[in-house]
Structures are given as C-alpha cells and as structure tokens.
Amino acid sequence: MSKSFVELNDVKLRYSEGDDLALETTNMKIKKGEFVAVVGPSGCGKSSLLKLVSGLMPPSEGTVLVDNTEVNGPLKIVGMAFQNPTLLPWRTTLDNVLLPMEIVKPHRNRLRKHRAEYEERARKLLATVGLEGHEDKYPWELSGGMQQRASLCRSLIHEPDLLMLDEPFGALDAFTREELWDILQNLWMVRPFTVILVTHDLREAAYLADTIYVMSKRPGKIIVARENTLPRPRDQEVTFTQPFTDLVHELRSHIRDVRAA
Amino acid sequence: MNKKLNLRKATPWISAIGLFVIWELIVRIFNIPPYVLPTPSESIMVGWQFHDAIWMHAIHTLYTTLAGFAIAVVFGVVLGALVGSSRAIYDAANPLLVGFNSVPKVALVPVLVMWFGIGTVPAIITAFLISFFPIVVNVATGLATLEPELRDVLRSLGATRKDILIKVGFPRAMPYFFASLKVAITLAFVGSVISETVASNVGVGYLMLSASSKFNMPLVFAGLLVIAVMGIVMYEVFNIIERRSTKWANRANQST
Chain A
1 MSKSFVELND VKLRYSEGDD LALETTNMKI KKGEFVAVVG PSGCGKSSLL
51 KLVSGLMPPS EGTVLVDNTE VNGPLKIVGM AFQNPTLLPW RTTLDNVLLP
101 MEIVKPHRNR LRKHRAEYEE RARKLLATVG LEGHEDKYPW ELSGGMQQRA
151 SLCRSLIHEP DLLMLDEPFG ALDAFTREEL WDILQNLWMV RPFTVILVTH
201 DLREAAYLAD TIYVMSKRPG KIIVARENTL PRPRDQEVTF TQPFTDLVHE
251 LRSHIRDVRA A
Chain B
1 MNKKLNLRKA TPWISAIGLF VIWELIVRIF NIPPYVLPTP SESIMVGWQF
51 HDAIWMHAIH TLYTTLAGFA IAVVFGVVLG ALVGSSRAIY DAANPLLVGF
101 NSVPKVALVP VLVMWFGIGT VPAIITAFLI SFFPIVVNVA TGLATLEPEL
151 RDVLRSLGAT RKDILIKVGF PRAMPYFFAS LKVAITLAFV GSVISETVAS
201 NVGVGYLMLS ASSKFNMPLV FAGLLVIAVM GIVMYEVFNI IERRSTKWAN
251 RANQST
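Quick mapping for you: the protein sequence lines, in order, are chains A and B. All residue numbers for the first sequence refer to the numbering used here, where the first residue is 1 and numbers rise by one. All residue numbers for the second sequence refer to the numbering used here, where the first residue is 1 and numbers rise by one.
Isolated chain B, as found in the complex (with noise of 0.2 Å):
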C-alpha cells in the first residue's frame, strides 16, 4: 500500500519530466532553430542566467495576480451571495454577468490604461476581472441548491433569511467556494500577464513581450515556465485549504 501512494506521489513529476524529455528530443531531433522553438533544457539554462531578473519579474506578477485575486474573491463572494439568495437579483444580474464574462479582458486593457496609466493598476484589474467569475457562479450555485425542505424546516422553526445563510447556506456553498478559487487563481495570472504583455514595464508578461522582440526564445519560454510553475504552486495551495475546510464534502477520496 505503501508503494502505491508513493508511485501516487511520483506520477505528476514523471509525467512532467516525460514531456520535457519528449519536447527536448523533438526539438533536437527534427533540428527546429531555437529562434522557433528553444529546447527546455536551453530555457532553464537562460532561464538560470537570468534568474535576478526573472525572479524580480516574477514576485511583481505574482503580486498583481494575488491582488486582484484577492479583491475576485471578495467581489465574487458578496455577488454570489446577493445572486444565490434572491430571486430577483439572479436574474437582474445573470444577463450582465455572462455578457461581461464573454468579452475578452484583452480588449478591455487598453480602455484600462486609458483610465490608470500603463503599470500595475490595469494588470490588478484585468486579473481581477478574469477571475470574479467563476466565484461568483459558484458561490450562487452552492446557494441556490438549498433543498427546499431544509429550508422548510428552518423556516418553521423561526429563522430568518440571515440565519438560513449562516447555519446552511454558506457552510453548504464551501466546496463550491473552494472549487472555483482553484479555477480563478489560474485565470487571474491570465489576466495579469496578457495586461503586462499589452502595457507594462514591469512583470513576466513584460519581460517575455521584451523578450521576443530581441528574438531571444529561449528567455520567452523561461517565462512561460515561471508562470506555469506559480500556478501549479497556488492551485495546489487551494487544493490543500479546500481539503483541510470541506473534509466532509470530500468523503469520497478520504481512504487511501
């Protein structure tokens, strides 16, 4: 049993070894310029030498990702919540939310730094606004799905709509909360990159749109792997808080 976990634990680092083993011979292989495609072996080794550069680049994306994320997470919990209990406000909301949620946050970055400037600001914006989303979907779902006999019986037992939202409906919505933070951290790196790649001086979007226009590929894929590994990381870091706050809706997968 013991073996088993282990190999458990081991897959995800063979697979992802196995693909920059097949990348790396590919690459070679088939004699493909590194202008087109760089060799993962050669984006680590740039990646390494230009590792201060990339590391500061690296810390100011992560911060425009969490700063957005954080005010995703806060925005999609109050409109969730506003959404999943009332009627009237889901489907006042629900026509704007999916329209907006169909725009692509690309096109809103120019208006972005129309408003702010090029920097910081419109990078924690986009990512904020890629992100909500999700929370606020799941969040209202985890709402709405009250059975109505619960809610039934609470009602008769004198508790009002604040009440019910307490003792059931927020602890009920938790594994729809956490299930969607894993989805929207992933999307707010999206959304602070390509607002770095568009208009910024700063962070990994930046230094890879710079980059490429110095057709130094190997530096562009160094970054794509730094974004990569930051959100492997904090989606795993969401995965171990889901686990740790909702172990009852996880009993499934509780034995091993």
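If we strip away everything but chain A, and leave its shape as in the complex, we get (with noise of 0.2 Å):
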C-alpha cells in the first residue's frame, strides 16, 4: 500500500512503435488532493504525461497507478479542461455543464428524474465563479473568460477525484488569468481534489502548486520537482514577495538550462 494517489513508475512512452520516445523514464508520486504543476519547454509531452494518467494513452513502458489499480483504459472519473474551453454552442451553459452527469454513472440513470436538484446543484457551482444570471446563455455569448469558467464548472460538477488542466488560462488576458487562479484555488480549497495542472507560465504553477514538476525538452522527463511552501491561501499580494519571486527564478533558470541543453 502506497500512499500515493496517482503514482508513474518508469513510465516511457512513444507514439508509435520505433518512434524516438516522446517521454523517457518518468516517475511520479502524487499526493491525494495535492495540487500539482507540470512546467516545461513547448513539445515536451505535458499534455502525453495527463493522457497517460487518464489513461487515454497507454504507456509504453512502466506502469501508471490511480488509487492503487493499474490504468489500463479511460479513467471514468476524471474532469479535464483545455485551453479551448470546448462548450457545445447548441446547448445553454447550465447545459454544457450538465452534460457530465448525462455521462458519469450512477447520474446518467438519476438525471431525467432528479432533474431540478442536478440543475440546482449546477447554478450553485456556476455561481461560485462568478456566472450567476449568465446560466441560460450561449456559449457564443460569453466572454473568453466566461466560457473558461463554465469549462472548468464542466470539469467540476461531477466532483471528480481527479482534475487534469491542459493550459487552460493560456488564451486569456493577464487580468481575467488571475482572477481564475483565484476561483481555482478556492474551488480546490473548499473541496480538496487531486490537481495536474500543466503550464508554461511559471507564475501560475508558482501561484497554485504544491509540488511543481519542471520537465527536460523532448524525450520529456521531469528534472526537478521543487517543493512549493507558499502558505494558503495565496492572493495577489504573494506575487510580489520575494519568495514568490525568488520561486519564479528559480523555475526560469531551470527552463533556461534545459532549453539550452
């Protein structure tokens, strides 16, 4: 029995047979309800390293652990979030962020009949964001940032154990980035779950992380996991003490040596 929660051991992975690895030996411990960052150049196999974890991908070698079971097929269980937020325009934003329950068990079978109390449950989690009144909406109809936070409500609603982010503030300005680190970090606090956030902006994975992980360019494979001690919960303020800036050097010379590699 390990503790961890999701574990990689010496896991490569390739996209096809006789390819050049994309990502070699890699290893990983992650914490349940740890908030974890994966930072590195671009083309270094970030978003294979969540695919393997949600067990999209297979990997080539190794094995890959959630919750002590071996991953060998989709995780049901999982929300995820892109940088393309990925609404469907024919379906208001309540609806968009039902549509897990239409798919996760036991909720698919109690939807029809419990309608009133999962669409209850959705305004709730829409307006911890910041989109009360904007349930009825379209997609188009929201701003970038709005359509952001019904993405990540869509990650969220089925209150998964495991949250895997693919860059998903990448797209958005300075000012609407920040203010979603926040909602982030609250969601996270109120109800603890398993982050993998993967980034290439320092700032944030020194602003949300517990553990962030900085990975070599390709064959991917995670040189430093560096510890982020930073109390909670962290505000705008944190960004300009210096251990905060002193963590961003940190993970920038890291960048810079493997970029130069």
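Because the hints were derived from the structure by calculation, they are not lab data. These numbers were taken from a predicted model, which means no experiment stands behind them. There could be a bad hint or two in this list.
Each computed EDC-like pair below joins lysine to aspartate or glutamate, with the alpha-carbon atoms no more than 20 Å apart [stated by the list, open to error]:
#1 A/K31 / A/D210
#2 A/K221 / A/E179
#3 A/K51 / A/E34
#4 B/K247 / B/E236
#5 A/K137 / A/E120
#6 B/K247 / A/D10
#7 A/K31 / A/D95
#8 A/K217 / A/E167
#9 A/K221 / A/D95
#10 B/K167 / A/D95
#11 B/K162 / A/E135
#12 A/K124 / A/D95
#13 B/K167 / A/E102
#14 B/K167 / A/E119
#15 A/K105 / B/D163
#16 A/K3 / A/D210
#17 A/K51 / B/E147
#18 A/K29 / A/D10
#19 A/K105 / A/D161
#20 A/K76 / B/D163
#21 A/K221 / A/E237
#22 B/K247 / A/E135
#23 B/K167 / A/D136
#24 A/K32 / A/D235
#25 A/K221 / A/D20
#26 A/K32 / A/E141
#27 A/K51 / B/E236
#28 B/K247 / A/E159
#29 B/K167 / B/E147
#30 A/K217 / A/D19
#31 A/K76 / B/E149
#32 B/K247 / A/E141
#33 A/K124 / A/E102
#34 A/K105 / A/D95
#35 A/K221 / A/E61
Label pairs and their computed distance ranges (CB to CB) [as the list claims (entries may be wrong)]:
#36 B/Y235 / A/K32: 51 to 61 Å
#37 B/K4 / A/G144: 28 to 38 Å
#38 B/R243 / A/K124: 33 to 43 Å
#39 B/I240 / A/K32: 50 to 60 Å
#40 B/F116 / A/G18: 52 to 62 Å
Ideal Cβ positions, reconstructed from N, Cα and C, are used throughout, including at glycine.
Both chains are sitting in their own frames, so use the hints and assemble them into the complex.
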C-alpha cells in the first residue's frame, strides 16, 4: 500500500512503434488532494503526461497507478479542461455544465428524475465562479474568460477525484487569468481534489501548485520536483513577495537550462 | 430598417422578373424563331394552356424526386455515420464512393431499365443515386471533425462511442447535414428528370421529351420552368428547416 494517489513507475512513451521516445523514464508520486503543476518547454510531452494518467493513452513501458489500481483504459471519473473551452454551442451554459451528468454513472440514470436537484447543483457551482445570471446564455454569448469558467465548472460538476488541466488559462488576458487562479484555488480549498495542471506560465505554477515538476525538452523527462510551501490561501499580494519571485526565478533558470541543453 | 428588409425580400423577385424581361427582349429584338428559343411569355401561356397535363406530370416528378430523396437521406445518414465514426470504414468506403459519384448517372438509367422496366422505379432510384453522395460526405465530415479535446473530455468521463455520437457527434453534424439536404434535393430533381427523359411515359422529363419531338419548344420550356420552380420551392423548404433547427450555427446572420 503506497500512500500516493497517482503513481508513475518508470513510464516511457513513444507515439508509435519504432518512434523516438516522447517521454523518457518518468517517475511521479502524487498524493491525494495534492495540487501539482508541470512546466516545461513546448513539445516536451506535458500533455501526453495527462493522457497517460487519465488512461487515454497507454504507456509504452512502465505502469501508471491511480488509487492503487493500474490504469489500462480511460478512467471514468476524471475532470478535464483545456485551453480551448470546447463548450457545445447548441447547449446553454447550464446544459453544458450538466453534460458530465448525462454520462457519469450513477448520475446518468438519475438525471431525468432528479433534474431540478442537478440543475440546482450546477447553478450553485456556476455562482461560485461568478457566472450567476448567465446560466441560460449560449457559449457564444459569453466572453472567453466566462467560457473558460463554464468549462471549469463542467470539469468539476461530477466532483471528480482527479482534475486534469491542460493550459486552461493560456488564451486569456492577464487580468482574467489571475482572477481564475483565485477561483480555481477557492474551489480546490473548499473540496480538495487532486489536480495536475500543465502550464507554460511559471507564475501560474508558483501561485497554484504544491509541487512543481520541471520537464526537459523532448524526450521529456522530469528533471526537478520542487516543493512549494508558500502559505495558503495565496492572493495577488503574494506574487509581489520575495519568496514568490525567488521561486519563479528558480523555475526560470531550470527552464533556461533545459532549453539550452 | 424596415425599408431595407423589404428591399431584401424583393430582390429575388426583381432579379427573376429582370431575367424574364431580358430574355423576352432578346428573343423579340433578334427575331429568334420559337422552335429555337421561345419567349418566356409564350412558354408561360402554353404552360397555362396545358396546365392539367403539366400538373399531373409535375406531381409525378415531385413524387419520384421526393421518394428518391427520402431514400437518399436515410441511406446517406447511415453511411455517413459509419464513414464518419470509423477511420477504417472511411478508408475502405472513400475510393468506392468517389468512384461511384464520378459515374454519370444517365449512363446507369439503361441498366436500371433492364432491371426494373421503364417508369417510376428507375426514376426514383436515379434520384436516390445522384443525391445521396453529398449527404454522406457532409454527415461524415460533421462527425469526423469533432475536436479531439472534446472527445478526451467525454472519454475520461467513461463515455462510450455511442454516448459521444449521440451527445456531441450528431448535434454537431446537424448544420452539415442540413446544408447537404439543400444540395441533395436539387440533385434529386436532376436524377428523376434524367430518368424520365430516357425511360418513362410519365413525368415532366417525359413531357418535355415528347413536346420536343413535336417541335413544341414553348412547352419544353414550360416544363423547364416548372422543374426550376419546384427546385426553388423545395430548396427554400429545407433552407427554412435548416435555419429553424440549427439556429446556433447561423448566429452570424441572426441580426437583421
């Protein structure tokens, strides 16, 4: 019995037989409720890491364990959000957020009978990210930041134990992005779930994560695992303090090293 | 703003009437004999004179066209769904489909006559054969262009292939599907009229063929006009259905 919730043991990945390695021997241990950020140069296999953990892609070698069980097919309880909000344009915001409920068991069998209860739950979640009053709008009527909030709600509505975020705030302007950092941190502090956040924004990693993994360029490999002990809840003031800037500088120098290598 | 809207609504009528006026003037100014090119007024008058016969033939053509089109819709959606949701089926079916679509359908009519005799059946089948291709292509495209991220989101929730198809694939393919219906219905008219012209004793195609054999060019043109009008009406019907059912895809032109 290991105490980690997600475990990667000597995982290697190549996209197809005979290809060069996309991911070099990778080991990771993520505790339950831990907020992990993965940073690295583009094309280093950060996104592949998410696919490996969520079971969308099998490792070429090694094993991936989630909740002490080996992953060998898509996990059924994962929440995911990407840079592109991928909301369905024919559904209202509320119906978009409820989409996972139409798929995840046991909710999918209960949804029709208990519709009001689920809608209430979705409305509450939307309210916590500041989308109150926008439930019945269609995605194209929302701004980019609002769409991303809705996408975040969709990834959390079924209360997943594992949340995968692939540069979710990458396309947003700086103010909106930092606002969403706080929203995400709040959601996570209210009901801790395990998060793997892939990002190229070092400040974002330093602001949100408990542990920051730095990856080398392709073939990707974890070269540094840096604990981040800045006290929580972190707010915008933290970003101007010495420990925060030191941390960002440290991460930056790691990235500079791997890019130069 | 209201004036502008009225003008927009009037534009198609103005252009149609304009075309007829120019046509009429050219024929009269250059004194073109009616067995070469009749005037529109003459065609319409002859059409009115034979309106009972034209009506009967037109209804028959409409019926064969819609029957062939209906088969094409069912077949096209099923095949499009298969082709669009599986890479292997796409690879297997694509060359066959393209090859088949390149065959002129008029060349198939004699074959169909050998199998089914002359009349309605080959006309329905020709209408079907000529109109299913755009439906297959569009439904398949709508399904195949699903964002990979969205697929990942759904799969990581435990969605089956069927879930993904029903929740996202089909609704997403709807605008493609309706766009293809507009193309397919006009093609279906081409198919049924071709077949009626080659091998039938009923329908507007047959009417035109028999009229031209009697050098009754005004009646031939009356037949052409009837087909054009039926085509426009059916196109518009599907246009309206499209706009009603996939409002979300047409949001750019919603404001007027």
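Now for the hints, and whether the structure bears them out:
1. A/K31 / A/D210: holds, 10 Å
2. A/K221 / A/E179: Violated, at roughly 31 Å.
3. A/K51 / A/E34: Satisfied, since the Cα-Cα distance of roughly 18 Å is no more than 20 Å.
4. B/K247 / B/E236: holds, 16 Å
5. A/K137 / A/E120: With a Cα-Cα distance of about 16 Å, the restraint between A/K137 and A/E120 holds, given a limit of 20 Å.
6. B/K247 / A/D10: violated, 50 Å
7. A/K31 / A/D95: Answer violated: A/K31 to A/D95 is near 33 Å, above 20 Å.
8. A/K217 / A/E167: Holds. A/K217 to A/E167 sits at ~17 Å (cutoff 20 Å).
9. A/K221 / A/D95: Violated. A/K221 to A/D95 sits at ~40 Å, over the 20 Å cutoff.
10. B/K167 / A/D95: The given pair, whose Cα atoms are some 11 Å apart, holds under the 20 Å limit.
11. B/K162 / A/E135: violated, 27 Å
12. A/K124 / A/D95: holds, 14 Å
13. B/K167 / A/E102: holds, 9 Å
14. B/K167 / A/E119: This hinted pair holds, its Cα atoms lying about 18 Å apart.
15. A/K105 / B/D163: Within the cut-off at roughly 13 Å; holds.
16. A/K3 / A/D210: holds, 17 Å
17. A/K51 / B/E147: holds, 15 Å
18. A/K29 / A/D10: Distance ~11 Å between A/K29 and A/D10 Cα, so the pair holds.
19. A/K105 / A/D161: holds, 14 Å
20. A/K76 / B/D163: Distance ~13 Å between A/K76 and B/D163 Cα, so the pair holds.
21. A/K221 / A/E237: The hint is violated at about 33 Å.
22. B/K247 / A/E135: holds, 18 Å
23. B/K167 / A/D136: holds, 19 Å
24. A/K32 / A/D235: violated, 23 Å
25. A/K221 / A/D20: Answer holds: A/K221 to A/D20 is near 13 Å, not above 20 Å.
26. A/K32 / A/E141: violated, 37 Å
27. A/K51 / B/E236: violated, 46 Å
28. B/K247 / A/E159: Roughly 32 Å between the alpha carbons, so the hint for B/K247 and A/E159 is violated.
29. B/K167 / B/E147: With Cα atoms ~14 Å apart, B/K167 and B/E147 stay inside 20 Å; holds.
30. A/K217 / A/D19: holds, 16 Å
31. A/K76 / B/E149: holds, 16 Å
32. B/K247 / A/E141: holds, 13 Å
33. A/K124 / A/E102: holds, 18 Å
34. A/K105 / A/D95: holds, 17 Å
35. A/K221 / A/E61: holds, 14 Å
36. B/Y235 / A/K32: 51 to 61 Å: Holds, at about 60 Å.
37. B/K4 / A/G144: 28 to 38 Å: Cβ of B/K4 to Cβ of A/G144: about 33 Å, so the range 28 to 38 Å holds.
38. B/R243 / A/K124: 33 to 43 Å: This hint holds: roughly 36 Å between Cβ atoms.
39. B/I240 / A/K32: 50 to 60 Å: holds, 55 Å
40. B/F116 / A/G18: 52 to 62 Å: holds, 54 Å
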